[in-house]
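K.L.:
Can you build the whole structure from these sequences, using the hints too?
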Amino acid sequence: MTTDNDRLKPILFSLPLAIALLSPCSVWAKTYTFSASSRPGYFSSAPKSSSSSAFKSYSGTRSSVVKSAGSSVGAKFGKPYNSSLLQPYSSQAKRKAVADAKTAASNTSQSPSAAKPKHFPVADLQKYRQRYADNSLYQQAAQEPDAWGTRSRYQQAQTQAPAMVNGGSDTFGMLSGQFLYKLLNNPNAAGEYAYHHQDNRDYQQWRAEAERLAGANAELRAQLVRLDAARRHYGTTPPNPGWLPQGVPAAAVVSEAALKSGQADFNVCVGSEGGPYYKVAQTNLLPELVEWVNVNPVITLGTPEILAKLAVGECDAGFIQGDAQADSQQMDVVFRPFLEAAHLACHVSAQTSTIADMTGQTVWIPRSSGARLTWDKFVALNPRYGQVAVKDAASYVDAINKAVQTKACLLYMAAPHAAAIDRLLNRKTLKLVAIDDPALLGSGGYQATSLSSGDYSQAIPDAYSIQTVAAPATFVVSKTWQSQHADIAAKVTQKLADVEQQITRNVQQ
Numbered sequence: 001m002t003t004d005n006d007r008l009k010p011i012l013f014s015l016p017l018a019i020a021l022l023s024p025c026s027v028w029a030k031t032y033t034f035s036a037s038s039r040p041g042y043f044s045s046a047p048k049s050s051s052s053s054a055f056k057s058y059s060g061t062r063s064s065v066v067k068s069a070g071s072s073v074g075a076k077f078g079k080p081y082n083s084s085l086l087q088p089y090s091s092q093a094k095r096k097a098v099a100d101a102k103t104a105a106s107n108t109s110q111s112p113s114a115a116k117p118k119h120f121p122v123a124d125l126q127k128y129r130q131r132y133a134d135n136s137l138y139q140q141a142a143q144e145p146d147a148w149g150t151r152s153r154y155q156q157a158q159t160q161a162p163a164m165v166n167g168g169s170d171t172f173g174m175l176s177g178q179f180l181y182k183l184l185n186n187p188n189a190a191g192e193y194a195y196h197h198q199d200n201r202d203y204q205q206w207r208a209e210a211e212r213l214a215g216a217n218a219e220l221r222a223q224l225v226r227l228d229a230a231r232r233h234y235g236t237t238p239p240n241p242g243w244l245p246q247g248v249p250a251a252a253v254v255s256e257a258a259l260k261s262g263q264a265d266f267n268v269c270v271g272s273e274g275g276p277y278y279k280v281a282q283t284n285l286l287p288e289l290v291e292w293v294n295v296n297p298v299i300t301l302g303t304p305e306i307l308a309k310l311a312v313g314e315c316d317a318g319f320i321q322g323d324a325q326a327d328s329q330q331m332d333v334v335f336r337p338f339l340e341a342a343h344l345a346c347h348v349s350a351q352t353s354t355i356a357d358m359t360g361q362t363v364w365i366p367r368s369s370g371a372r373l374t375w376d377k378f379v380a381l382n383p384r385y386g387q388v389a390v391k392d393a394a395s396y397v398d399a400i401n402k403a404v405q406t407k408a409c410l411l412y413m414a415a416p417h418a419a420a421i422d423r424l425l426n427r428k429t430l431k432l433v434a435i436d437d438p439a440l441l442g443s444g445g446y447q448a449t450s451l452s453s454g455d456y457s458q459a460i461p462d463a464y465s466i467q468t469v470a471a472p473a474t475f476v477v478s479k480t481w482q483s484q485h486a487d488i489a490a491k492v493t494q495k496l497a498d499v500e501q502q503i504t505r506n507v508q509q
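Going left to right, the sequence shown walks through residues 1 to 509 as full-length UniProt numbering numbers them.
These are calculated hints, taken from the structure and not from any lab test. Incorrect hints may appear among the rest.
[Claimed, not checked] Derived DSS-like pairs (lysine-lysine); straight-line CA-CA distance at most 27 angstroms: (1) K407 x K377; (2) K495 x K79; (3) K402 x K377; (4) K76 x K118.
Everything numeric in this text was worked out from a predicted model, so none of it was measured.
P.N.:
Laid out in structure tokens, this is it:
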């Protein structure tokens with residue numbers, strides 16, 4: 001028999017769920033180190049986050065993004081967001097909830113807030129799609145227009161005390177362990193489900209686990225006995241693999257990963273993994289869109305490659321610099337959340353204080369990057385900059401290192417403090433150079449702005465500021481993707497309007 005303390009556990013872990021859903025997404029972290037939380041080592045079918053304990057990834061350590069030519073991003077994309085869903089399970093949250101657990105147990109009207117789903121790697125989602133494409137329950141769940149809302153409302157409506165299963169899993173292939181264990185509270189429905197799905201391999205895996213756990217759990221053993229007794233009543237009825245108990249939506253029956261795999265992919269072209277576009281995808285796009293699409297960042301060299309991938313359908317959306325020409329026939333501009341300033345930095349020994357002094361200098365810029373597009377536009381607006389030698393860098397980090405090592409210069413486009421690269425740029429061996437050429441303003445699409453020593457304490461002398469030019473970062477969405485997913489395109493666009501406000505606040509412009 002379970003102890004009173006065991007009976008309290010599902011309550012304790014459901015109470016603080018709402019605290020963690022959005023809080024880590026409200027501001028941009030200054031670093032890229034995140035602390036991981038751990039989930040409780042048991043399964044509870046109490047209404048709580050649908051991101052429960054024991055999802056077994058089918059992809060191991062494979063990348064969680066679509067890979068572009070010559071580049072990829074590690075599986076850490078989505079981990080900060082997933083960790084935010086685990087915060088209610090922390091030791092501190094559990095201790096805080098103990099005092100109110102009994103009160104919450106008696107007040108069934110206090111249902112938890114709707115839980116957002118986890119982010120799953122592309123490789124996991126593809127395996128579900130391949131394996132279950134012809135499954136009627138999978139298809140039914142995928143066609144639900146508000147799948148996560150439907151799932152959450154059903155789970156919150158289940159006020160009957162849940163079965164307590166120590167060590168249980170939450171995922172059995174396509175099926176939700178939370179649903180299967182909680183179904184035991186209704187022996188007749190559980191027995192009929194067992195009869196109709198007796199040949200389902202995923203259900204068989206669940207039953208094998210339940211039998212194993214019942215060896216040390218008398219309450220679970222009794223529930224399985226009642227299930228089997230009810231099942232015997234259907235011995236002459238032809239099994240129906242698509243059968244569900246009345247009032248139970250398919251979205252509540254399938255596992256979280258299976259439900260996510262039935263949603264559309266939204267492949268978002270970003271720049272480098274340390275750049276601001278990736279940061280926006282991680283911190284803002286993923287939490288806001290996770291209920292509607294699978295956000296997958298595609299790492300690129302920058303704006304030129306992003307435009308190319310959008311044109312051929314390798315990306316569905318992307319961030320591009322405001323000085324690039326977006327094809328209005330192929331894509332819609334959704335928002336321009338912040339300005340990106342041109343950062344022209346040279347070695348401290350270089351005889352340069354403004355861009356007018358660059359003749360005879362060398363500037364390092366990553367090939368096919370947004371900064372290279374910017375420099376080429378500078379040359380088009382003022383041909384004298386064609387006298388500056390441009391050398392290809394492998395990345396922006398490489399450009400910084402090359403500028404220091406060869407006592408040369410580099411160009412980088414970004415909002416101040418919007419990316420990790422800023423910390424490398426702000427060093428005593430480099431100085432930021434003014435871009436104050438009137439020829440670059442107006443028809444060039446740039447506007448004047450400034451960078452101060454408050455932004456870059458080492459690369460700009462104390463109490464000084466320098467003039468530079470800026471262009472708005474621009475988020476575009478493919479018209480092809482919108483037409484292919486017309487059922488959710490409007491919802492995604494609506495959510496993106498909220499994202500724009502978040503980003504503007506976070507960048508503090």
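K.L.:
Of the hints stated earlier, which fail here?
P.N.:
Failing hints: none at all.
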